[in-house]
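Participant: What follows is each chain in one-letter form.
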Amino acid sequence: MADLSTQTGGIRSPNPFWLASAPPANSGAQIQRAFDAGWGGAVWKTLGTPIQNVSSRFGGHAIGNARGAGFNNIELITDRPLEVNFREIAETKKRWPHNPIIASLMVETREEWREIIKRSIDAGADGLELNFGCPHGMCERGMGSAVGQEPAVNERITSWACEFSTVPVLVKLTPNVSDIVPHGMAAKRGGAHGVSLINTIKSIIAVDIDRFVPEPRVGSLSTNGGYCGAAVKPIALHMVAALAREPGFGLPISGIGGVRNWRDAVEFMLLGSSTVQVCTEVMLRGYRVVEDMRDGLEEYMHSKGFTRVQDMVGKAVPAFSEWGDLDMNYETVARINADTCIGCQLCIAACHDGAHQCIHPQEGTRVPRIDESECVGCNLCQIVCPSPGCITMDRVDNGHPPATWNDHVNHGATLRPKKGSH
Amino acid sequence: MPAEFPVERSETAFTDYKLPLSPAQAAVEAGRCLFCHDAPCVTACPTHIDIPQFIRKIANGNDRGAAKTIFESNILGMSCARVCPVEVLCVGACVYNDLDEPPIQIGKLQRHATDRAFDEGWRFFKAGAPTGRRVALVGGGPASLAAAHELRRLGHACTIFERRDFLGGLNTTGIAPHKLKADRSVTEAAWVLEIGGVELRTGAEIGRDVSLADLERDFDAVFVGIGLGADSRAKVPGEDLPGVLGAVDWIERMKLGDAGLAGVRRAVVVGAGNTAMDAARELLALGVPQVTTLYRGTEDAMGGYAHEWRAARVAGVRAEWRAVTTAFEGAGRLERLRCVRVDEARTPVAGSQFTLEADLALLAIGQSRLGAVLAGLKGITVESGIVRVDAHGFTGRPGWYAGGDCANGGKEVVNAAAEGMAAARAIDRALAAGGGIGRKEVPRG
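Here the protein sequences line up with chains H and A, keeping their order. FYI, in this note's numbering the residues of the first sequence are 1 to 422. FYI, in this note's numbering the residues of the second sequence are 1001 to 1445.
Hints listed in this document are in silico derivations from the structure and should not be mistaken for laboratory results. Some hints could be false.
Unchecked claim - A few chain A residues that face chain H, going by a derived Cβ cut-off under 10 Å, partial list only: (1) Ala1039; (2) Gly1092; (3) Tyr1096; (4) Asn1097; (5) Glu1344.
Claimed, not checked - Computed list of chain A residues with no C-beta within reach of chain H, every gap over 12 Å: (6) Leu1019; (7) Glu1205; (8) Arg1296; (9) Asp1343.
Backbone N, C-alpha and C define an ideal beta-carbon position, used for all residues, glycine too.
Using the sequences and the accompanying hints, generate a full structural model.
Facilitator: Shown next, in the form of structure tokens:
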């Protein structure tokens, strides 16, 4: 069977599934139950000067019947005394010596960093995660994403932490930047052993349309919170991949953002993550979601012939390219399998109203007809089709050799005639 | 109007066979709808309700908008949600059937929205600006109610002539109570007529209390929606014995009052159409221990819907296929039916005689047709008692239209609603173009 053990930046873990620094990793009792359920590691709820939270704190974004497809929170770092947290870290490490505990930290001054890092390591933390990402509450106090958005500050504090720490240091990056790369590079220059991303995205999750107040509502007011959950996965994947393919970056990555199951985790791994961190799915359904994460990952690795996690990490990164390097002469058309078509004609509506008007009704049958001479191969019909495998995007040999936009612009390569531009 | 029925009636013992959806269930079910393009469910609905659109409104928390979409196409959408044979209409056409997934429960979603409209007292429609034209509606059943409502939206004054003292027609007197009870139908009729401007003449039967000449004199157009008549007779010896009843007649008694089942241990329902299926299930549900249907054809050839027979069989109804009754016998009241098997040509099979002991026999072999009442009017064709009409309900005599069971031979409530609506629009177009009673009829298309 496949070996699920892995490591990020030298922090070894029996499997790639870590609890992210968040409410599910708030206390020793919780984290011990999580390890019982099978989680590989846990990033402790961020330690710093204990704060006080508000009611309420969370908001959910429902899409159809899927509650919590997106999620946000306005909760801050730990509200428990530091000595209690450190005592529980020590107790948990004693019971679970092989499951890494990473102390997430957020303080202000160099002396505070020195102090909290020493105490964390004394308590038994296997690694540190510098919280430069929190987009609400703490950033107004000059911490969290206020640090993560300034590469020079990020680099300086990272270098302090690395100076003070005897265990690996991960920097948790905020997605609330236009380009993640300079921020990852800053962490690297500061000496970080790895990065974890993404933290949450600045957001207003919803508006109470009866009270005229955004959510989550605290009395008659609300504030922006951090967006996370399944809906943010595409943003997270892009940022992970952007760093993974950046020449000269090369730091290990712990991927975060919308991991609900083993499949999501595999995607993060293929784009360069050696571990993944999970919060929202645990908040919605509890620790036992990890069972299928582990089981499904193992089955997947077995089916692909991967024996170690490292065999798959980054495997899709080379295929993440620039638009100008895509082959413009690669041509596909949609085809409908009449045997599995159920006649819903969602493809007609989608193609007519949202694409290139090449799918048409036919007399005497509910199965639509595709005008391949007009089909641009956009995929929309396949995306809306509810019948698995019914619409396929088939490659068409148009006789044109591969040519990219860059080839065309720089070397005059011939592009195939445009379709669907009537 | 509901107060006219006794509070305790045999039908009140029934609970819904198809349970309503809770708001949470409705939201989940509505969320499953694919929102098909040119949706097969809409095509399958005689009134062409924009089903994907109303379901999307439910999914998005807009029940009021959903109800409005339904009533725009079918003002009887509340009763149709419960009464329609959705298994062979919208739900049967749902594309999920071809995906081997459960089809969307369209009837239940429609009930969710329309019941809410009734519960909340939502109103959607106003009468149109008065045109000064008058339309008579003969019969107060679903076809006339749908026609009257549409005619009022178009501004025409309406008068309904109904031989009974309540409205709703077969929706009130004939629907299986596990689907719809009489008072709910009467409530619906009153709700429909809240649009105003509809004069009601109850206890008025065409040909008896109001003449065709009266109608021609007093109105610009007439819509005839008189439904079907009394149960057909078996024409075998002994059918006048106490204990032998028409099924439609018995169902009406059961719905409006007492079913009269004291002492009935064994009952036979003659026929295998939907009326027979309803009656058989109702007898069992009301405590008759043994209920048998008797049908001259095979199970495959039965007139009732397969899903209705399945439900009847599951409930415990027995069936004798390819058999007919030759005599009802008993000393002073029914005690047994003499029966015989028949072959494919319905010829009795020698030596196959058998007896069914029974305290009650219901004849569900069809109903008489009432078209003859119009036979005297030149231009109107009545064939086998059915009033001939075109796709717009036009009879061929200027100003005269018909719809529902009297014109279609006996279909669903939803067909009557569709035909009433179509006729109302045709009447409006004809009147606007100078047509109507005593005038040359104009194209209706």
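Participant: Are there hints from earlier that the structure breaks, and if so, what are their numbers?
Facilitator: Result: hints 2 and 5 break, sorted rising.
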